[in-house]
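Protein sequences appear in the order of chains F and G. Position 669 of the first sequence, counted from 1, bears residue number 669 in the UniProt record's numbering, the numbering being contiguous throughout. Position 255 of the second sequence, counted from 1, bears residue number 255 in the UniProt record's numbering, the numbering being contiguous throughout.
Please keep in mind that the hints were generated in silico from the structure rather than gathered at the bench. Be aware that one or more of the hints could be misleading.
Okay, derived cross-link-like pairs now, DMTMM-like style, lysine to aspartate or glutamate, Cα gap no bigger than 25 Å in a straight line [said to hold, decoys possible]:
hint, chain 1, residue 1, chain 2, residue 2
1, F, Lys162, G, Asp33
2, G, Lys184, F, Asp78
3, F, Lys381, G, Asp33
4, G, Lys76, F, Asp78
5, G, Lys644, G, Asp679
6, F, Lys87, F, Asp309
7, G, Lys385, F, Asp309
8, F, Lys292, G, Asp619
9, G, Lys644, G, Asp341
These figures come from a predicted structure and were not determined experimentally.
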Amino acid sequence: MADKKNLLLLFDHPTEPVFMDKGKRVTVFDVPDSFLTDRYRPISNEVQNRVGDTVEQRIPVRDISIPDLRIPMSLGRDEQFSLFLPKHRRIAGRLIDIFMNMRSVDDLQSVAVYARDRVNPVLFNYALSVALLHRPDTQGLDLPSFSQTFPDRFIDSQVIRKMREESFVVQPGSRMPITIPRDYTASDLDPEHRLWYFREDLGVNLHHWHWHLVYPFEASDRSIVNKDRRGELFYYMHQQVIARYNAERFSNNLARVLPFNNLRDPIAEGYFPKMDSLVASRAWPPRFEGTKLSDLNREADQLNVEIGDLERWRDRIYEAIHQGFVLDEQGNRVALDEATGIDTLGNMIESSILSPNRVLYGDLHNNGHTFISYAHDPTSKHLESFGVMGDVSTAMRDPVFYKWHSYIDRIFQEHKSRLPAYTDTQLNYTGVSITGIQVATNGGQPNMLTTFWQQSDVDMSRGFDFLPRGNVFARFSHLQHLPFTYTINVNNDSGVQRFGYVRIFMAPKNDERGQPMLMRDQRGMMIELDKFVAALNPGPNTIRRRSTESSVTIPFERTFRNLDANRPTAGSPEELEFNFCGCGWPNHMLVPKGLPEGLPMVLFIMVSNYENDRIDQQLVGRCSDAASYCGVRDRLYPDRQSMGYPFDRLPRTGVDRLVNFLTPNMSIVDVNIRHENRTVQRQN
Amino acid sequence: MVNKKDLLLLFDHPTEPVFMDKGGNGTVFEMPDSFLTERYSRVSKNVQTRVSGEGKPKIFVKDITIPDLSFPESLKRNQSFSLFVKSHRQMAGYLIEVFTKLPSVDDLLSVAVYARDRVHPVLFHYALSVALLHRPDTQGLDLPSFWQAFPGRFVDSAVMQELREESFVVQSPGDRRPMVIPTKYTSSDLDPEQRMWYFREDIGVNLHHWHWHLVYPTETSPGADRRIVEKDRRGELFYYMHQQLIVRYNAERLSNYMASVQPLNNLDETIAEGYFPKMDSLVASRAYPPRSDNTRLSDVNRPTERLRVGIDEMKRWRERIYQAIHQRFVIDTNNKRIPLDEVNGIDILGNMIEANALSPNQMLYGNFHNMGHVLIAFSHDPTNKHLEPAGVMGYVSTSMRDPVFYKWHALIDDIFQEHKKILPAYKAEDLSFRDIDVSSIQVESRGQKNRLTTYFKESDLDLSRGMDFQPRGNVYARFTHLQHHPFQYNIVVNNFSGVQRYGYVRIFMAPKFDDTGLPMVFANQRLMMMELDKFVVMLPPGQNTFTRNSTDSSVTIPFERTFRNLDSNRGARNSPEEQENYFCGCGWPNHMLVPMGRAEGMSFDLFVMVSNYENDRVDQPRMDGCSDAASYCGIRDRLYPDRKAMGYPFDRVPRATATTLNQFLTSNMQTVEITITHDSTIDRLPALTN
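Isolated chain G (complex conformation) (with noise of 0.2 Å):
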């Protein structure tokens, strides 16, 4: 039988033929003549020969009937795949029913090898990766980062080429330099939105967004298995992650004093923000295209996607869905009416504008957020006359670079804000907790009170299992991300119940200034929390005093886990640590976790809240893995751990009588001014010489 993490050895090196050497030690797959393409069917036992030979390692894989892949293969390999495009997402759909129907290891092996040289190398490795999360039999393996496979979407072409360079000049790896990933090297200082480099292109935050896709595919195939799609408050939480997005980005703006990002409101202005990704596909061979500056959306008609999308439908749908909002219920396929509650309405409305196959008409309601995307990446091409792939607003794990990301998901999450504010505003009582009094709140870092510092740090990164078609051996990019000092949390709770309670600690942070230097305003602040934590504690009769460590967030993931910068930091093999602390990629990257903030510091209102937790608790079995980024990703096969709200109790308006964040409080909250200060030296990795 096929050990299970043979698998993985098919992420390595995606567009090179799958005969060729794997996994940096020799192996190759010894398979059947006939599932060889063509083109390679004479010369690969030569190339086996040379490239592995005596002694290395072989997995044989199993000659079986393949399952018809016409449809999946009819994406040709160097074209684009998007999963905002519905013809690729029908394509995934279909190969991922595939591999997870397959009934045992062995034969989604043969498959996935035959596949391999036959799909394309995108969509192969999003159909695995979603099956192998998602079949019984494939858990707790350690999926190999995005980047590793793909890092053409993540870096500078530029920098590829010097890889390149150094892998085949230099050929024993211990000997290789690092080559450096510049910073701001997507456009000059003339470019306002150029001061949000290192959020919009932080390789962490983009594979978060990449990864959060994965968990939460939009489509499969028709009469496939719907759980795939149908998680618990999926909709709900495609709201409240990018919510969380905009959140963060414009705390990121104001460190950068710059105002919050319009919404991009009117579908027939030009965009003024161009972008020059400067990136090359290294499956399409292709640059990604660039947008110019003051360009306009056209309708698009590109029969090779099978898309067709007019703005004027965009306009429709939107109108649609905000007429359901007013009217507090929406129409599904069979005329009934679905009321927009204050349970269920948000997570309907996510599903709806996503928009994913649970949203309840999309006849009516349409296709509002995939095709936004779908309009920005081809408006320089929207007719496919120059036969030009998609602008990285075409693809999850490159959309977020572009400024235009933000100004679409800030019209999105206009239209859910819509929704939450006819919602009625939490009563002081709801808020409360009886006989629970937050005292103080303070957090530390390297021994200073209410200080956060951030900086610029230097990391490196292996990326050789995806350079293809060279020398083998480690070659390493370094990258320049934001980083701060960690810090904790000091939050001392009363309890004056006299019995012992439970507490869900939820913990925010907004600007207290807007961007013109005045106080916010609560109504505007609310919608600039972003969640920093939220964990359960343990309140016996009397004064408690926790402190809780910022690296243990519930809504990041460590440096080491965003990266799977496997080789180095991993725990013992096959421990079972190993086995959590790689298992899932989806989480905000913890470097990310604070904002920038100012060098001459910039003031934030630290907000904690003990709710009771008696009302918050979901009641499941134990989650192993994977559980702790719960806040923007859910956790695997369980339901969303928290009764309430995403961003409760920020989600709604505030009720009348709180006009300030302190009118606000109850007794079970607190709040605390803190400052981050951002520290210009850059924390450098010793410069390598041979």
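Next comes chain F alone, as it looks inside the complex (with noise of 0.2 Å):
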């Protein structure tokens, strides 16, 4: 029997031939003659004897009959794959059916192995990685990180070519890492450009890619799209990005981004990725400053669509927001009301196939993506593929995705701000008060906390195709911060042990002109820390929480998959939870970059009635510690307030400041985030 973690070598080398030598054991695929393609049968074997003598491991793949592959194929192996194109989703979708049912492992393995030189290399990669996170029989596997596999969509094509020059000339083992600059997709003529280290974060791009596979929108199998407030978790996890983004902004003395408004304006910012897909071998197309979005007319994408279309089904979300309801295919009314309105709209916005009524809603924000990044070649005259904007592990390199989500995040405000605010009575949570909150890194000062630069090495070769084996290094600077902890004492004078939820939040103190925020701004800037269970014993309590534990983030290690590093033992359940799940915003990020001379931000605790929001579901190896954007893999999100709580919704009458808002189970303090100008080595 095939062992399942053989099929994880099908993600090595994703542009070679299957027969080639694979993983660090050098491994070959036993592949029957019938599943060769018609280049490569003459020579497969030729190839296979040169690799003969060093060969540690053989896997049989058995010759059974192949499902009609027609339609993944129909994609051509060069073309740029995109889960924001509907025609490639349909063929996405066709792709995992097909994986998802193949009857065992062994079967899987055939149909991958004759898959993989057949159809599109990301589509492959991408259907096979959806069908491992859902199948039964494939749990615990641990996919390899994208960007090993695609170190183009993540990395200067000038540093690609380095890599490629140290594997050609230098021998594994005196290798050296090759640098990815700091500053090179703009100069500081460009204000976005103080930006780059956020947008074009290896791991941030990384997180979003994962959400989207761990979220697919659409698929036959309706189950392994309609999870638990997916919906909502869309509006939420973008909804931060946007909230970090800002902080990230104030922390560079920019102002908030601005949404994009007006389809019909042109876009200020423009942005040169410069990056060559090495699938279809072609550089990500820039986008001119001033460009403007054009009506698409492209016959090979099977994409015909106007910005009308998109103002019209803007025009209707908002419609239904303000009525509250949605008209389901029916033609019945859909209450969107405090519980399920922010997910029905997150799937009728995004849109999933979830959505209600995607006739009458349309398809706005994948199709805003689409619209940007065709702007440079809307009918398809110059042959052109799609910029950054049209995938999901690039989309966030690019000034305009926030401009773009901002505009998403304000249509879900329209809705949250119909809500009725909380009451205090709905907030408080009587007998439990928080007496006093801090927080300070290792020996630091309190209440301060510090980012400086980092760089660290991954290991990209796996992704270096048609070039000697052994390990190539990419080194990449990122934000860094000192470790923290939150200290927060708190009163419990029920005289019984309870339970609390710890919710932390953090906004800018000051908005971009200097002055006090008012709360129905700040709400929108909350930055979600942590989230946890504290038990409370009766008199006071001191709960101390480190940062590295956030519900939010996972940790470096694991946004990489560093694996051969920091493993735990083999077969410990550790392993498999260490394993499971690449989903989650990376730690290096939890908090913004703050300001040489130090940003004034405000630090938010409020410890909520547990019993109120629990969830009752076992939760052990399940991939959970990154709950708050990731949700809990075949679980219920984790939690039964709304996403974002309390700050998803206006603040109730009279309180226009955040210090008004706090019941006594809450409380604030100020906390300097100080940015120090260095770069320190990671130690492995």
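Both chains come to you apart, so use the hints to assemble them.
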């Protein structure tokens, strides 16, 4: 029987033929002759003989009859695959189905080996990843990081070239890491470029890719899409991305990003990705400054959409929000209520197949990506593929991503602003009060956080195709902060043990004019930092929580799957947990960069009554430690409150400032984030 | 002593370190440790053992004191080198000077080996090529073609990746299949400009342009040998070669039912034509940036390239040039007037407009043509805000791919024509050749009279020298290009003078009808005259019949020479023929000699004139090598072999009485209508399978 782990080898060297050697232990698949493509049938033996002496492992592949792959194969291998294109989604949906429906791991392996040289490499990676995440018999597999398989989507093309040189000229062992330059996509003339470390961060883009891998919006097996509160999570995860981005803008003396309100305005911000797609062997097309959107008519992508369509969908969505209900495909009203309204809207705006009525409300968010990504060639006149906005693993690099998602967020906020405000009673936790909060780095001043630059090395060799084997490292610079600890003093006056759900947020204190923020603005900038359950004994309690435990983030090692290092003992339950999930905000981006002189922030902590919030389910070993933005695999979202609670709605009447919002179970403290412009090397 | 041919190995694998194996047979340079760059000083010996080893050829590199190269080294190796950027030209000038001054080939080899991993690869290639072309002790070397060293400038990036795959997966070179460069890959049928793909993106056409600028550099460093720039009638040749490009382009446009290209007269207007090159620079590891439809030019201010030019400056220069033309003199840097006369005027204007180091006054007349390339090449990032390299218009080896090249050069040509227009017309007696009559002309191809046929053909090119960091061995790209069946001219000339005379036979061709289908007005047709050939004939008294083959054209070089397909089709090693054959890459590619024509046939007027060679001849030692594409390229180290103005007799406005081509004819001229038919079947190479 096939070992399910062997399936992971199919992710290696994605554009090389399947019969080439794979893995760190030299491994080859014994591919049945009938599986080989015409091009390589005559020489596959010769190639395998060439590596033959060094082969350490051979994997038999069963010759089975292969399901019809014509639909997945209709996308060319050198085309760019995009989840935002309906045609590509259908193609991916079909391939996911095929992989899901194979009866055994053996059969899955056979079909995957057969498909690998025939379907588009990124499509293959996506569909196989989704299948491995969702098949019951392939659980606990440790998917390689997307950035290792397709480094070209994350790294400057010049660095790719240097890595190619290094692996050709220098033998493994003597190879030096190649440094990804810090500022390569634009100069200081471009104010937007100050955000390079956020937009172009490998971890941030990996998070976005992974999120969409965990939450596909289309599949013929509805259960793959229909996950608990996925529409709401779409809203919330992206809302938080904008909140975080705006805090980073404040950290760079820039105002909040302006939403892309008028689709007919030129987009002032240009973006030149400076990356080459190794799959398409084409550069990611840039967008010049002042580019306008145009109606799309691209036959090959089966796209024929007008800007007018987007405007129509948007207006209907607003109408639904203002009327408080949507119309489903049968013409029935579905109420946009407090409990499920945001979830309905999320699926409708994104849109996913859970949208109540795609004819009426269209496909706004996805099409926005498509329009922007084709602004340079809307009619395929120049035979150009889409720009970075067309792909979930690259979209966050582009300044326009945040303009677009601010616009999307504004629609969600329109709904939220119509919901009744949380009352004092709803917010309060009778008998429980916070008496003091503090945050501090190890040995540092209280309420002072420190950020700096760090350089880390990641092995990219799996994605270097047609090159001699062996590790080749990219060294990249990223933001980092000193780990810190929250100390929370809570009084439980109830006399019995209670459980509290501790909710930690942070937002800038002042607006871009330097004026103290109004609560109504500040709530939109609240960044969730953590959420956890605490047992409260009668009397005073001191709760300590480390920043590395955050429910928002995953550790650096998991973001990058530096699996060879820091790996728990094989077979341990920790290993399973460690392996599973790549979704999660990268921990190195947990707090915004701050300013050299310090960025004044306000830290907010609330302890709510866990009895009202709890979801009864078993959570062990299930990739649950970045649940805030990613949910929990196969489980309900572990909080009965709305995502973003208590800041998801407008504050009750009379509450102008955050301080007036506080009930006894909440507390705030001023925190300063200071950025030190120094670079340290990560110790492995 | 080193064999000068060893220098050529330095062109191989231009972005790999110099200590890697070269020449396809494991040859390595054995160099002093001090020559190695810091990055590789630890590993180079191990690598050499791995890639070369016992029994493989070694070339010993002498340890000498290296001249200061800090100026050319200041261009980073992964930036883009452009001859249109003055600071880059100055660096190239400096390096050329270093290379040409070295006392021996041994020293040249040492400095070149040292410089190779330190200066920009394209700058290195350019400077070393110019030096080898101009040093007396490196004559007769057969420079590899530019496409071999830098295929990324000529080939679709997707094909480059396929070639990489092929050379990695299929390690025995004999089993490797050619990778097909698709046709029409840069735009779709929605783009009318796409119809010109076979011209703009032809490898030979772009190589010709690169080579022309290699033979005619615009700059040397101050105080250096000016002869490299100061060549006979170089300004005029700049005008004429580019004028002929526009003529040929317009004939191709007519073949595709398109009107002549519109000059880019208004620099404030948006450029309607976008261009997406779909090529990656293997040196910069960056894509050649595209230009979207309707891009507007902006003032360029890029400190990195030390470039600063405004659209207002361009307009000022243009007005001053026009003023000089209309006043018939230019003002030099000493405020002296230099007349723009019949003999030298066009040459002065050419140097001034290009502009090169011979410009009489760069302060006053600026740097018009070069800066136009710059403005267009950087229109996507004029201030370097986005750290983008130049688009294809920024490099002579790629600029002809872009539709805007022709709009720009149409504008340049309009300025030259303004000068030509105010020169006195040639009088009938100046044009005629007493007692010499051309009684009949005819072209013949495959038995057909006055009918030429074009078609598309596939050819293979070995790109292995430019495939860096890949297993060795040939890898072929297969490309499709225009071709025509060879033809011959049959010319009957009567000499009534009773004595032997010499005639200079000048052959031109122009479309008969304009884009609206009406017969061309001669005033316009003369500007569409493309030169096909020019040669000397001996005319004994009486009737003379000549035949001349299209492959002998003085405009073109043969396919093999354009592409330096050295391994096939080459003469005996070191034979005089080989030297002659392979020396010079400048010359219009013979496969593009005649325009495509139309499927239903397209009418052209073929024009033949026999002028009096006594008036035209330039007395100079017999030329050796590289003289057979003299019309557009001149002759190495010699004067331009024709005393007449380039483009004669069509370079001036015709005399008042000649309103049609027929009226223009004197008895020593003749025309005939010919038809060019395009046959849409493609001459394919056999599909190779392993």
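Restraint status (C-alpha distance of Lys184 of chain G to Asp78 of chain F at most 25 Å): This hinted pair holds, its Cα atoms lying about 17 Å apart.
Agreement of Lys292 of chain F and Asp619 of chain G with the hint, judged by alpha carbon distance not exceeding 25 Å: Measuring from Cα to Cα gives roughly 62 Å; hence the hint is violated.
Distance restraint between Lys76 of chain G and Asp78 of chain F, which requires alpha-carbon spacing of 25 Å or less: It is violated: about 32 Å lies between the C-alpha atoms, which goes past 25 Å.
Hint consistency between Lys385 of chain G and Asp309 of chain F [alpha-carbon to alpha-carbon, up to 25 Å]: violated (34 Å)
Lys644 of chain G paired with Asp679 of chain G [C-alpha distance capped at 25 Å]: Given pair Lys644 of chain G, Asp679 of chain G is violated - Cα atoms ~38 Å apart, limit 25 Å.
Lys644 of chain G paired with Asp341 of chain G [C-alpha distance capped at 25 Å]: Roughly 14 Å between the alpha carbons, so the hint for Lys644 of chain G and Asp341 of chain G holds.
Restraint status (C-alpha distance of Lys162 of chain F to Asp33 of chain G at most 25 Å): Roughly 23 Å separates the two Cα atoms, so the pair holds.
Satisfaction of hint between Asp33 of chain G and Lys381 of chain F, Cα-Cα up to 25 Å: violated (53 Å)
Hinted pair Lys87 of chain F and Asp309 of chain F, Cα distance within 25 Å: holds (18 Å)
In summary, the numbered hints that this structure violates are 3, 4, 5, 7 and 8.
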